[in-house]
Amino acid sequence: MTEDEHSLLRENIPAYALGALDGDDVPALEAHLKTCEACQAELGTYRAVSDSLLAAVPPRQPSAALRRRLQSQLPSAQKARGPQFTWSFGQFAVGTALVALLFMNVFSFLQMREIQRQQAGLLQQLKTNQFALSMLAYPTTQSFPIAGDNLSGSVLLDRERNTVALVMWHLPELSEEQIYQIWLIEPDGHRVSAGLFRPEADVAYTTQPVYSEQDISSFVGVGVTVEPAGGSDEPTGPRVFKVDF
Amino acid sequence: MTNPDDIELVHRVAQADEKAFLMLYDRYVGRVHGLTLRILGDGMMAEEATQDTFLKLWSRARLYLDERGPLLLWLLTIARRTALDRLRMEARRPMLSDANDPEDSWHVISDLDTLTDESRWRSLYFAVQSLQADHRKVIELAYYQGMSQSEIAEVLSWPLGTVKTRLRDAMKHLRAKWNEE
Numbered sequence: 003m004t005e006d007e008h009s010l011l012r013e014n015i016p017a018y019a020l021g022a023l024d025g026d027d028v029p030a031l032e033a034h035l036k037t038c039e040a041c042q043a044e045l046g047t048y049r050a051v052s053d054s055l056l057a058a059v060p061p062r063q064p065s066a067a068l069r070r071r072l073q074s075q076l077p078s079a080q081k082a083r084g085p086q087f088t089w090s091f092g093q094f095a096v097g098t099a100l101v102a103l104l105f106m107n108v109f110s111f112l113q114m115r116e117i118q119r120q121q122a123g124l125l126q127q128l129k130t131n132q133f134a135l136s137m138l139a140y141p142t143t144q145s146f147p148i149a150g151d152n153l154s155g156s157v158l159l160d161r162e163r164n165t166v167a168l169v170m171w172h173l174p175e176l177s178e179e180q181i182y183q184i185w186l187i188e189p190d191g192h193r194v195s196a197g198l199f200r201p202e203a204d205v206a207y208t209t210q211p212v213y214s215e216q217d218i219s220s221f222v223g224v225g226v227t228v229e230p231a232g233g234s235d236e237p238t239g240p241r242v243f244k245v246d247f
Numbered sequence: 006m007t008n009p010d011d012i013e014l015v016h017r018v019a020q021a022d023e024k025a026f027l028m029l030y031d032r033y034v035g036r037v038h039g040l041t042l043r044i045l046g047d048g049m050m051a052e053e054a055t056q057d058t059f060l061k062l063w064s065r066a067r068l069y070l071d072e073r074g075p076l077l078l079w080l081l082t083i084a085r086r087t088a089l090d091r092l093r094m095e096a097r098r099p100m101l102s103d104a105n106d107p108e109d110s111w112h113v114i115s116d117l118d119t120l121t122d123e124s125r126w127r128s129l130y131f132a133v134q135s136l137q138a139d140h141r142k143v144i145e146l147a148y149y150q151g152m153s154q155s156e157i158a159e160v161l162s163w164p165l166g167t168v169k170t171r172l173r174d175a176m177k178h179l180r181a182k183w184n185e186e
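Heads up: the sequence lines are chains A and B, in that order. Each residue of the first sequence is one higher than the last, beginning at 3 in the numbering used here. Each residue of the second sequence is one higher than the last, beginning at 6 in the numbering used here.
These are calculated hints, taken from the structure and not from any lab test. Errors might be hidden in some of the hints.
Stated by the list, open to error - Computed footprint of chain A on chain B; a stretch qualifies when at least three of its residues, placed anywhere within it, have a C-beta under 8 Å from a C-beta of chain A:
#1 17-30
#2 35-47
#3 55-69
#4 154-160
This structure is a prediction, so every number in the text was calculated from the model and none was measured. Glycine is no exception: its CB is placed at the ideal position from the N, C-alpha and C atoms.
Chain B extracted, bound-state conformation (with noise of 0.2 Å):
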């Protein structure tokens, strides 16, 4: 289930009502903000990502879908991307695809309700920091830092077997902790 009034939302923003735009910022600037300043750890860096993410909403709401899933999971898929490329170029990394348009990437999920349930989301959160420290750090790094597991294995100067099998291991964990809930 989608939460009507963003639907409302989006819709105006498309349309390109300013007080709509807005209301959606002041609502999710806190939710986005936390994940540019996660993957970019800088503050003025992820202001600039967070800000460039809210344009990007407002000059693409006409493409985004409800029957898709939430909106506040289009929003934190196009924050990270964009904090993703910003990380990249700083390190002179390849670029993600072209998908400051999460679109390419943006799937539907089963269950639309997992990401409005505040309490999921942050069992979550308590799951991968208590996931091993081994665990954890694949983890960090494959989806904050946006690193494959070969570029993994090269920054942590493991075996590429080894990041497999840490990485494979701590999703497992983490789906049994979610899917407790």
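Only chain A is shown next, with the shape it has when bound in the complex (with noise of 0.2 Å):
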């Protein structure tokens, strides 16, 4: 290599040290480089000057937010937050209409399910009360009086069809625990049961049909006590009243 070549490709070091020399002219450059001590103690002082280029810049400081922005993309931050689902105004909306949605179904089944329980209570009542309307048009029927404490009511026998309606005014409401239980009586004082029943809620008078398998006219009185949920195989409780025939 001649001088004149040699400093034609020294004179590129300033450049190069600063990143700036063109593409075309680098290969020849580091080629040289490799086997020129003296460029590469040349280049070695011009990359002293360029690196000190990078802080030869006055300092200035970012805004506060850059750190909060920087450390809420560390992994303790992203872990603390979890998985991220985030709802767009549509979605929450869709979802809210969804759980309305819901919550009313749930709230209209409930109240339909009790509104036919009313209901078959109701019949039941009406069917009741209309069997025991159409004993009293019976010529037939006797009419016995109940009367005990705060209580007052019929007892309506009919011999002929075997058949017995107690029609009751403000018996007392009894817990979940007990219940109504209806005695045939026969002549000896035996009792035999004739069936359980519970007063409706809010309705001053009860109305009860008794049917016996026995003749009716086998037993001479009626008579009711207060038991244990389940009933009873003779009378154990309180006794509510009693009316001979």
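Starting from the two chains in their separate frames, assemble the complex, guided by the hints.
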């Protein structure tokens, strides 16, 4: 290599150190640098300058928000946030509507079931009342008064049709663990169970039919006692009333 | 001589120590942001480049080799390339080599004290400011705008030979000032 060629290559070292040497000129200089110690030393001095240019800029503080943004991208912040699920306005609206619809459906279902239950109760009560009224219409029906503490009513007895009906006013309400039990009384005093019943809530009177497999004429009276829920084989609780036929 | 605190911190960052990372951020964010702002000239873009620089520190701390130079030089090298790539993207100019990984261009510098010496970089800053306007312009465009000599000639409408001469003279001047310190 001639001295002129060497000088030409050496003149490119400052631009190379700055990263400004055009790409076409780079390979020749890099090849030369591998073998020329003087040029390597020259490059070292210029690189010290170019590296220093990195720091030859006055420091400037960014906004405080930058630190927070950076911190929010670190693993602990990501973990603290958990899986990210953001709701758009549309998704939020649809979600709210679905929850409201579900709530309304459940509410309607419960309300409908309660209405059906009340209807069934009223229907049963109506049938019972019609039954009692029809009994009263029969000329052979006998009526016996019921008397007790704050209690009144009648026992309707139709011996021909072998039926008995109880119409009771102001029967006290019972707890869940208790129930009223009807007893038909035989001449020797033995009591035969003739059914269980519970008065309807918020209704002043209770009508209860009594059916007997035995001839009703074989009994001399009827009574009602308070028994444990499920009933008893024989009277165990307080008597509500007793009526002799 | 390198700063042992920096080395310890960057090794802790390599092990995902967030506290060490934030300590390095607090220590060097001013220097990094000063450089990105100098290159991009826009506060919002500069903050994004500064953020990218520190995210690269977080993800690439294990690549840092302390025997090759101070951490600040490594960070500023990353910051310069990150900012220049953003500048080139905005101007639709070709990107630098894929060296947001500074391994491509990071080299051993002979005097490792130089960048940690506040007074020396301040002197160089004033040396750049004291250059003749034409000389300073080519240094600015080459180093802080990432332009080649041909690109500078085109932007300034100067002959390529003029750009080469002024750039060479400016670098000689700066080297002389640097060696005076």
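Evaluation of the provided hints:
Restraint check on the segment 17-30 of chain B versus chain A: 5 residues with Cβ-Cβ distances below 8 Å, three needed, restraint holds. Counting residues of the segment 35-47 of chain B whose C-beta lies closer than 8 Å to any C-beta of chain A gives 7; at least three are required, and the coverage claim holds. Closer than 8 Å: that is the beta-carbon criterion, and the segment 55-69 of chain B has 5 residues meeting it against chain A, so the requirement of 3 holds. Note: the segment 154-160 of chain B has 3 residues with beta-carbon separation from chain A under 8 Å; the three-residue rule is met and the coverage holds.
In this structure, every one of the numbered hints holds.
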